[in-house]
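Trainee: What follows is each chain in one-letter form.
Number of protein chains: 2
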Amino acid sequence: MSEKAPWITYRPELKVLDCTIRDGGLINNHQFTDEVVRAVYDTCIQAGIDYMEIGYKNSPRLFPKSEFGAWRHCDEDDLNRVVGGHDAEKTGLKLAAMADAEKSDWKVQVVPRSESVLDLIRVAFYAHQVSEAVEMINHFHDLGYETMANLMAVSNITETEIDTVLESIAPTPAGTMVIVDSFGHLYREQIDRLYKKYAAAMEGTGKEIGIHAHNNMQLAFANTIEAIILGSNRVDATMLGLGRGAGNCPMEILLGFLRNPKFSLRPVIKLLQDHIIPLRDTVEWGPLIPFNITGQLNLHPQHAIKYRKSETKDDFVKFYDELKSEI
Amino acid sequence: MSEKAPWITYRPELKVLDCTIRDGGLINNHQFTDEVVRAVYDTCIQAGIDYMEIGYKNSPRLFPKSEFGAWRHCDEDDLNRVVGGHDAEKTGLKLAAMADAEKSDWKVQVVPRSESVLDLIRVAFYAHQVSEAVEMINHFHDLGYETMANLMAVSNITETEIDTVLESIAPTPAGTMVIVDSFGHLYREQIDRLYKKYAAAMEGTGKEIGIHAHNNMQLAFANTIEAIILGSNRVDATMLGLGRGAGNCPMEILLGFLRNPKFSLRPVIKLLQDHIIPLRDTVEWGPLIPFNITGQLNLHPQHAIKYRKSETKDDFVKFYDELKSEI
Chain A
23 MSEKAPWITY RPELKVLDCT IRDGGLINNH QFTDEVVRAV YDTCIQAGID YMEIGYKNSP
83 RLFPKSEFGA WRHCDEDDLN RVVGGHDAEK TGLKLAAMAD AEKSDWKVQV VPRSESVLDL
143 IRVAFYAHQV SEAVEMINHF HDLGYETMAN LMAVSNITET EIDTVLESIA PTPAGTMVIV
203 DSFGHLYREQ IDRLYKKYAA AMEGTGKEIG IHAHNNMQLA FANTIEAIIL GSNRVDATML
263 GLGRGAGNCP MEILLGFLRN PKFSLRPVIK LLQDHIIPLR DTVEWGPLIP FNITGQLNLH
323 PQHAIKYRKS ETKDDFVKFY DELKSEI
Chain B
23 MSEKAPWITY RPELKVLDCT IRDGGLINNH QFTDEVVRAV YDTCIQAGID YMEIGYKNSP
83 RLFPKSEFGA WRHCDEDDLN RVVGGHDAEK TGLKLAAMAD AEKSDWKVQV VPRSESVLDL
143 IRVAFYAHQV SEAVEMINHF HDLGYETMAN LMAVSNITET EIDTVLESIA PTPAGTMVIV
203 DSFGHLYREQ IDRLYKKYAA AMEGTGKEIG IHAHNNMQLA FANTIEAIIL GSNRVDATML
263 GLGRGAGNCP MEILLGFLRN PKFSLRPVIK LLQDHIIPLR DTVEWGPLIP FNITGQLNLH
323 PQHAIKYRKS ETKDDFVKFY DELKSEI
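Residue numbers (our numbering), protein chains in the order written: chain A, 23 to 349; chain B, 23 to 349.
Looking at chain A on its own, in the form it has when it is part of the complex (with noise of 0.2 Å):
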């Protein structure tokens, strides 16, 4: 990498994860057509990204399949049904699920990797839950999977817990370790410290480190690359910013900022203006005021979404003093 001007050059190892349908279901329960899904899955091979992460391998016990989609459980005869046949060296891209702590039941919910069309499992957990992610790392290790592993609202924990974790996934087979910024709430000097703190804990596993960021501040972009110019190599993002609350990195400015010739915009843009504008008519996301709040203050976008979905929606002072006088 040239010490002169970064920004027109490129890292070859670095790789661009999508999970608009994973982050995004979580507004619409997973209810996305078909036709959506597939068409993600079109625009990441033309635009060249990396991995779709195409949702969730969760629990139909706690998440009802009378209530949610089918991209909460990614049963494999629901992701044979949209892409199926899918060839990961053929496309470039590789196909991702997540499973959460708790939520996934991970132990027959997965079938083994030769048997999927899934190269990549990322294990997403609270700290407090980092003895389950262990174990579902390695679990998903041995049926073959690639696997990263998300610890979540990092903003909300202390360093100490950080480290803890840190220690613990250091030793998996895990090939990532994610920064996971849930409440959308870190500042660039602390992305800073925070990659600093991750880098130095997998420094000789061979672990790359990851970046998801939310964009309460809109600052998931800026943040975004942050973690590029400190070394990161696996960067998420999301179609329109695509995701729960305040949504996620928008994968057009990351496309436009990245400057490996293998990226291409055009589709991406293609996709925003067939697909995902529209759902603008059904599901709300991006950084509206009651989510700038949420985030300043370091809460889960769930304060602001329950709200949004009140009769006094549109009263932002009404929010901000009732957060204000709770915590």
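Calculated directly from the structure, the hints in this document are not laboratory data.
Fair warning: there could be bad hints in the mix.
Pairs count within a copy or across copies, as identical chains cannot be separated in the list.
Unchecked claim - Straight-line alpha carbon distances no greater than 25 Å define the calculated PhoX-like cross-link-like pairs of lysine-lysine that follow: (1) LYS331 <-> LYS284; (2) LYS292 <-> LYS331; (3) LYS37 <-> LYS87; (4) LYS292 <-> LYS340; (5) LYS26 <-> LYS218; (6) LYS346 <-> LYS292; (7) LYS328 <-> LYS292; (8) LYS284 <-> LYS125; (9) LYS87 <-> LYS218; (10) LYS335 <-> LYS292; (11) LYS284 <-> LYS346.
Fit chain B to the supplied structure of chain A, relying on the hints for placement.
Mentor: Relative to the frame of chain A, chain B by itself:
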């Protein structure tokens, strides 16, 4: 400033300038109602904001009063009608106006500071206009005003040109030299290099470095933080990011970041709700896809603004194809 967690402390010398009416007026030819201008003014006082830039001191010959509202010219009569009797000392708020090189009748349009409610004149100029800018700064200084130098479109000129501008501005009485990313094109590492270049050139002159960012790639707030971290003590923002094209650094996010207890976020949220959000019915701004694209391509937002007035305004692929074929 603490070396450990600077994001929870503050620098008392950091001052915030609101340019909602000045920059936002580029969308609507400065046709704001007095009520809105007054509401922004009242909010600036309540929120502890340091400066409010209320408009331009630009020429009524070039911007006829039949087409352009009062805040394109900031005649003293108009100022006095809306903020007459303004007391900077009592309110803690200083009023500012901007004069553009080649667009201002600056020799006749500006009365001495002692006869005006204004305290600060900002001089905006392109690199090739620096000689006129120096004359303007000297003139306004002689009239008793604080002055700032705003070199526009810095992403579009060479480093040598920037150096020459900075050499010309350094000996002037301007109190601040502002980094202005007119095209919303700059990434974090570019802000770093510009900040260091500006700071080095102004060393020993007592000048502050300012930052004025645009939001084409959702980086206005992030780039503003970046400049603050590096030492910038004069920062621009607008209410809800109101401003030409993609808009500016949103005040509501900036104030949530600053830890000086003199700042108050609540009046800003109230203003957004009562006066700024309703403007969306008649004017468009924000980091929409066409502005993402012009920002990435380092083009003037005017390309996107024009396109958004065309019949195919929502066909972003067409816009992308056209721009890519033209450049």
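Trainee: Hint by hint, note whether the structure agrees.
Mentor: Comparing the hints with the structure gives:
1. LYS331 <-> LYS284: neither (42 Å within a copy, 33 Å between copies)
2. LYS292 <-> LYS331: Between copies only: 20 Å across chains, 31 Å inside a chain, cut-off 25 Å.
3. LYS37 <-> LYS87: Neither way: LYS37 and LYS87 sit 33 Å apart in one copy and 54 Å across, limit 25 Å.
4. LYS292 <-> LYS340: For LYS292 and LYS340, the Cα distance is within 25 Å only across copies (9 Å; inside one copy 39 Å).
5. LYS26 <-> LYS218: both (23 Å within a copy, 14 Å between copies)
6. LYS346 <-> LYS292: Intra 42 Å, inter 15 Å, cutoff 25 Å: inter-copy only.
7. LYS328 <-> LYS292: between (32 Å within a copy, 20 Å between copies)
8. LYS284 <-> LYS125: Result: close neither inside a copy nor across copies, 36 Å intra and 45 Å inter.
9. LYS87 <-> LYS218: Intra 41 Å, inter 57 Å, cutoff 25 Å: neither.
10. LYS335 <-> LYS292: This pair counts as between: shortest inter-copy Cα distance 14 Å, intra-copy 32 Å.
11. LYS284 <-> LYS346: Cα proximity of LYS284 and LYS346: across copies only (17 Å, versus 47 Å in one copy).
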